Amino acid sequence: MPDSMRVRFAPSPTGYLHVGGARTALFNWLIARKLGGVFVLRIEDTDRERSTDASTRTILEGMEWLGLTWDEGPFYQADGFGRHKAEAERLLADGKAYRCFCTVEELAAKRGLLGDEYRYDRKCLSVSRDESDSRAAASEPHTIRFHVPEGTTAWDDVVHGETRFDNASIDDFIILRTDGTPIYNMAVVSDDIDMRITHVIRGDDHIANTPKQILLYQALGAPVPAFGHLPMILGPDGKKLSKRHGATAVGDYAQLGVLPEALFNFIAFLGWNPGDEREVMEKDELVQAFSLERINKKGAIFDTEKLFWMNGRYMEKKPAAELLPLVAPLMIEEGLIGEAEVEGRRDWLLHVVDLLKVRARKVEEIRDQSRVF
RNA sequence: GCCCCGUUCGUCUAGUGGCCUAGGACAUAGCCCUCUCAAGGCUAAAACACGGGUUCGAUUCCCGUACGGGGUACCA
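If you read the first sequence in my numbering, its first letter stands for residue 206, the second for the next number, and so on.
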């Protein structure tokens, strides 16, 4: 199984590459490297309203900066709309899904009435096959809903262990919109089948989607992959890390003078550890030590203090010649040196960087402390 | 509301029934080293959410409670 392992990272291009997303990508990358698997990158741009090219570019840049190289892709989910739709229709033909003619207004009204207790009432499940076909033939707008079967859906989660949901708690969810585009769960399952993904490792905010997706795999007659749900990364207040916590994007940390290898190492230790007392570990050591079994279940607060400490350790280890290209622009910007000096006084600058790097926690601290020279 | 997940020092965590007087790391305090500041070394303070079981013995297993998080969309 190891040599046929296929994992993926599937961000939606609606913002920057957040540290949470980066951690998900990192764990997938680590396990693929460790077990000789294939790491696939897929951009989930099904939400056309919010997806942007700029966001896709930022995500790819962030991954490259961290050194999270992918083996296949990037693939774009929207390119698979035809297949997603065909599979949803196959479910319809097989009687595993049905057309729903309820309008958004109608649904919203019911939801308003029942408030939080709202559940789809399966009104359209009782529409006869013939009536459904003729209304569709008359091009009456409709969505396609998956008909959730009775029973319970369980899986052996790679990080949480046995996890189960009573199917009765799952609504007959929409798989194809009125405009014929697929909804998230349909697109993901269709793509993961298509890409022969064997292990789905993602944030645990997706845990409630998993039974729906397993049901879809089964209805489609496809083998169900292994699932593993990673704990959330939280802000200092214990809530899910978000923009209001300040720097949360990978690019923000690059900007703050954090080295990619330091962020890589730090993020790898959020929800995972090698079991011994090592903490400063290079990429190849991390690959060597990594295992899905040692991933934690508890959400972890992102502690920037410790990140900067770790960054300091990496600055110290990094040769001055590699640090200089990062520091020189900052020095020029502050007028501490001229452009010509970068080459002209290269040996002297290397010496300065060498002396200062051991005490700096951020790249710019080398610049700041170099003022005395 | 309902469903699901989680709960060890301030923070990241080790720990899978006795090895725990609960270990390490960041941060904090002190000392050493040192021309300064770091780095490094040593030391200090600091945690098993609560209540019931199970057991000769629970941080570890089970059940409740509390608290936190996630989901419950024609978002992903």
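Read the hints as simulated data drawn from the structure, not as lab findings.
None of these values were measured; they are calculated from a predicted model.
Any given hint could turn out to be false.
Label pairs and their calculated CB-CB ranges [as the list claims (entries may be wrong)]:
1. PRO428 x ASN501: 20 to 30 Å
2. ASP489 x TYR281: 53 to 63 Å
3. ALA373 x GLY278: 51 to 61 Å
4. GLY456 x GLY278: 15 to 25 Å
5. ASP321 x GLU367: 42 to 52 Å
6. ASP376 x GLU294: 19 to 29 Å
Even glycine gets a Cβ: it sits at the ideal position worked out from N, Cα and C.
Status of each hint after checking the structure:
1. PRO428 x ASN501: 20 to 30 Å: 28 Å, holds
2. ASP489 x TYR281: 53 to 63 Å: 32 Å, violated
3. ALA373 x GLY278: 51 to 61 Å: Because 38 Å falls outside the window, the suggested range is violated.
4. GLY456 x GLY278: 15 to 25 Å: 21 Å, holds
5. ASP321 x GLU367: 42 to 52 Å: 28 Å, violated
6. ASP376 x GLU294: 19 to 29 Å: 21 Å, holds
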